[in-house]
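Asks: Listed below are the residues making up each chain.
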Amino acid sequence: MKRVFSIVILTALVFLVAACASNNTNTNANNTVEKVVVTKEVVKEVVVTPTPGPETGPRTLTFFTTEADPPQLDILAEIIDEYHKDHPDVYIDVVTGTPATRGERITTLLAAGADAGIFEIEPSFSRDWAEAGYLLPLTDVFEAIGGEDEYIPGSYFQYKDTVYALPYATSVYGLWYRKDLFEEAGLKPPTNYDEVLAAAKALTDPQKGIYGISIPGSTNASVNFFSTFLWQQCLDYYTPQGELIFDKPEALDAIKKWVALTEYAPPGFENYSWGDQITAFVTGKAAMSVYAGRLGVRMPDQAPQLEDKADIVRLPWGTRPDSPYVTYGSWSRIAISANTKYPETAKDFLQFFLSGDRLARYDATVIGHMVPPTKSVAKMLENWDSDYAKRHSDWLAFFNENAAYTNHPDNNMGSVEGCNFVKKDYGPPWGGPIFSKGGIIDLMFQQIFVGGEDPETAWKDAVAKMKDVQDEWLAAHPDWTPPTY
Amino acid sequence: MASAFKKVRKPKSNRHRGQMARSDHRLAILMISPAILLVFVFALLPMLQGLFASFFQVESATLKMTFNGIDNYVWLFSKPLFWQSLWRSILWVTGTTVFQFVLGIGIALLLHQELKGRNIARGMVLFPYLIPAIVLSLTWRFILDPTMGIFNRMLLDFGLISRPIAFLSKPHTALLFVIIAGIWKYTPFVVMMVLARLQVIPVELEEAAKLDGANSWQLFRYITWPWLLPVVIVTLLLRTIWTFRQFDIVYLFAFGGPLFGTTTLPVLVRYLAFDAKQIGPAAATATAMLVMLLVMSWGYFILYNRAEKNLS
Amino acid sequence: MILAILWATLPLIWVFISSVRPDAETYAFEQTFLPQNPTLENYATLFRVTRFGLWMRNSAVLSTITTLAVIILAAMAAYAMSRFRYRSFEIFGRMTLMAYMMPPIILVVPLFFILFKLHLTNSMIGLTLVYIGTRLPVGIWMLRSYFQGIPQELEDAAMVDGTTRFQAFYKIILPQAMPGMIATGIFVFSVTWQEFLFASILIFSAQKTTLSAGVASFLSEDWIYSWGVLMAAGVMISLPLVLFYMFLQRYLIAGWGGGGLKG
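One line per chain: the protein sequences are P, Y and U, in this order. Start counting the first sequence at 1; every next residue gets the next number (my numbering). Start counting the second sequence at 1; every next residue gets the next number (my numbering). Start counting the third sequence at 1; every next residue gets the next number (my numbering).
Calculated from the structure, these hints are not laboratory results. Warning: the hint list may mix true and false statements.
Said to hold, decoys possible - Subject to a maximum C-alpha distance of 25 angstroms in a straight line, what follows is the list of computed DMTMM-like cross-link-like pairs (lysine to aspartate or glutamate):
#1 Y:Lys277 - P:Glu472
#2 Y:Lys170 - P:Glu456
#3 P:Lys379 - P:Glu401
#4 P:Lys201 - P:Asp180
#5 U:Lys117 - Y:Asp24
#6 P:Lys309 - P:Asp180
#7 P:Lys347 - P:Asp74
#8 U:Lys171 - Y:Asp24
#9 U:Lys208 - P:Asp74
#10 P:Lys465 - Y:Asp275
#11 Y:Lys79 - P:Asp461
#12 U:Lys208 - P:Asp115
Make the full structure from the sequences, and use the hints.
Replies: Here it is as structure tokens:
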């Protein structure tokens, strides 16, 4: 008996070790650290075979989303029910995931040639996936919803004249400020850097516990908020072709100006992230704060007394007359797997979901924070039947008007050239270690704010690291060619 | 590994062999097999794989492994971040365990006295131990928040500071408060262990000592303390091991920041494996931790055996 | 004594107070110590805008199954180890001790691939197996010395009377070991209920995750929009453990004092 037992155990051992060893050498589909490698490698093997033909009988589609808050899922379920009533044969399964794992999950499916259904697309993967033929062309849906007349420029994803992904929302960041404090101090809402700096200085009063402007210094929010500042100085990290330009001395100048503003930030700003930007403002401790629509949405609950005293303006970072206006934001988009079993049904549902009052209801779950991509839905939301929309239709109009100026450091490489802003829908493929949470830019600011390092040293250090990351990536991908526009 | 199981065939010391039927052996093996299988697949195998990986260069995108000897260790030991993390780990372990024991033994002695409301107090004092790490980090972050926190509010109201201090924004104060939170959460564990031992203290010993006219300090020094010592040592062993490998509290408190100020060794492993994509060095760090743990526990076992002997 | 109680409970009292404070008061410029209009609104919001109820159910199912499985398997293994002193069992015992000291962080990456091989990534079954496998060493270690403390004569006497060994184990030894098993159970349950690392890495969909990992996603994704709601979450996560503990407190002290954790 004991002998049998030890043999069984031994066999199990050998089997397990073998299984795990082989696992280590040939599993790459589920790991997407180097996003582009994975997609490109697999192209050669996967034969994309859409199955056209009549789409009848019971059909089930999957819908993958990261908008997993119950209110959003409730509305989505409502919309799916309505569609199902008109198309009793069509069933739609909602699958949720987190933004952190969204790319990984879909890559695994697409690379394996499986049907990924309808899904929220990872912005930085869009181009490679379109190139690889993973995505179903959606130009006809785009035209049916209203085409260029209806969609905000840059909101949908287009590659070589074909639309592959359609947007449902973005957030638009602006400068929230306290009208009452500005009036008391005899100040006007700031329109450029000098004015915002002067106002921040004038309104800072540690005795009262009020500080001029809230700026997030901690990881993730830091890089994204600073980027808006950089762009408005007629600068960017890279040219559209991927050449590093953040090493220009003007970039250091921008860093210094940004750091100068933080002198009037509330104590602890160096640890502030997204949520703290709202907290500082709604507690009345910051006279100005950079944020998107959610700050306004929180106000009726958290600071009803401030609701009438607050307003929002464009980010006033300009230092010269021709400074471009650019703000932070990234369009959330939906695509359909090229391999899907029922392409026509999927497209039909997508069109249903992304148009008319369906999209309006969906975006109204966080009204003003989810800014719609189409003009007609934007109008619907400005006249939405809710107390908040009625009181603040001017804020909603502000977000709608500025949605075309959103840009993202990791998704839009080289959108600012000189003092011109032309949005580029391609991110630097080596951008992860630079722009992600806790990446090189975040760390540069942590070294300045927390480590007390001199901006010049921190900047030089960051530039050197950025070069290394890019060189290393390019060396590993000799086939890469810069995008052409 | 394999040889360990082969030896099953020739058990060298089997005291009960004579009394046991064949079915007993089968039963023993049946009873232990599921545990062996599960522990093996989900604890030992991944551990061995981790040790194994520390000698390889692991490509993060493809997980392709190339043997590179001790390169990972050389790389790791040349990084100041590793030594800084080790130092922070030492601070974290000693800071939390020392105060846990001072406070814990004190509170246990106190709660052992015949005082009014002792039972309720016992229950309440143990609460922090039951608070999950996620809640603990939420709680302390909220209390220490410069904008919202009660702690800054109190300091301001008492006029001790003129503007709020962001305790979690500075590497040193962040680590200090992680340690305080660690003390807060785990002191009850020490209380619990010591109290349990105090309850079974032989009454004759105490009474004999009292008859001999010992004062309360002598009573503690010569009776209570030697009685407690074995439990104190075991508890110290457990606490040191757990504190040293503790990930959740430290990580959730400040996510390793600011500027790596709360990056202890386990947090460093996470950073290397998931943020820096350096899987080989991450495995090397974990292996180094394991070696340190083994050395520590070996030392404590020697102490424990000595204390047990002294007692008898 | 009062000082000790205050030190232990003040932060928790503050969490509770903050959880019943309406948002408008939490975010007021000058917060009052006690809420002016206490409300359960934060709790309602918690269940309305997050998947808290689902996470709670997931955590409860995971922790219960893990605890039961660990107690049963560990009791059997510990009994076998305490009564049959084979060399291989002894080695297994040593190895469990080593597995017990293992920093969990080292296990995470290899575990991910083992689960991937078994088609159990992002699955609650996979996570449960991981929990059982990693908690078993503690369970075996705690129970083994407990069984060693139960005299051999008890079951020998029973076996003379004609019961089989398994019946002796089941009917005589297990009831004797009950306090130790309860203590082990409480320990395993509370550790599993609190677990964050494995859950946060091995599960990646919002529907399947546990309380700790779910709430942590608010923190790390910079989602602190309402401290009141977060404090309500804190109360709700801790409450089951506190109740569970108060209910079984007697066994806990008895079990641990009885030598459960002694080397």
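Asks: Hints first: check each against the structure and report whether it holds.
Replies: Status of the hints after comparison with the structure:
no., hint, result
1, Y:Lys277 - P:Glu472, "holds (14 angstroms)"
2, Y:Lys170 - P:Glu456, "holds (21 angstroms)"
3, P:Lys379 - P:Glu401, "holds (11 angstroms)"
4, P:Lys201 - P:Asp180, "holds (16 angstroms)"
5, U:Lys117 - Y:Asp24, "violated (36 angstroms)"
6, P:Lys309 - P:Asp180, "holds (6 angstroms)"
7, P:Lys347 - P:Asp74, "holds (22 angstroms)"
8, U:Lys171 - Y:Asp24, "holds (16 angstroms)"
9, U:Lys208 - P:Asp74, "holds (18 angstroms)"
10, P:Lys465 - Y:Asp275, "holds (15 angstroms)"
11, Y:Lys79 - P:Asp461, "holds (17 angstroms)"
12, U:Lys208 - P:Asp115, "holds (22 angstroms)"
Hint 5 alone, counting from the list given before, is not met by this structure.
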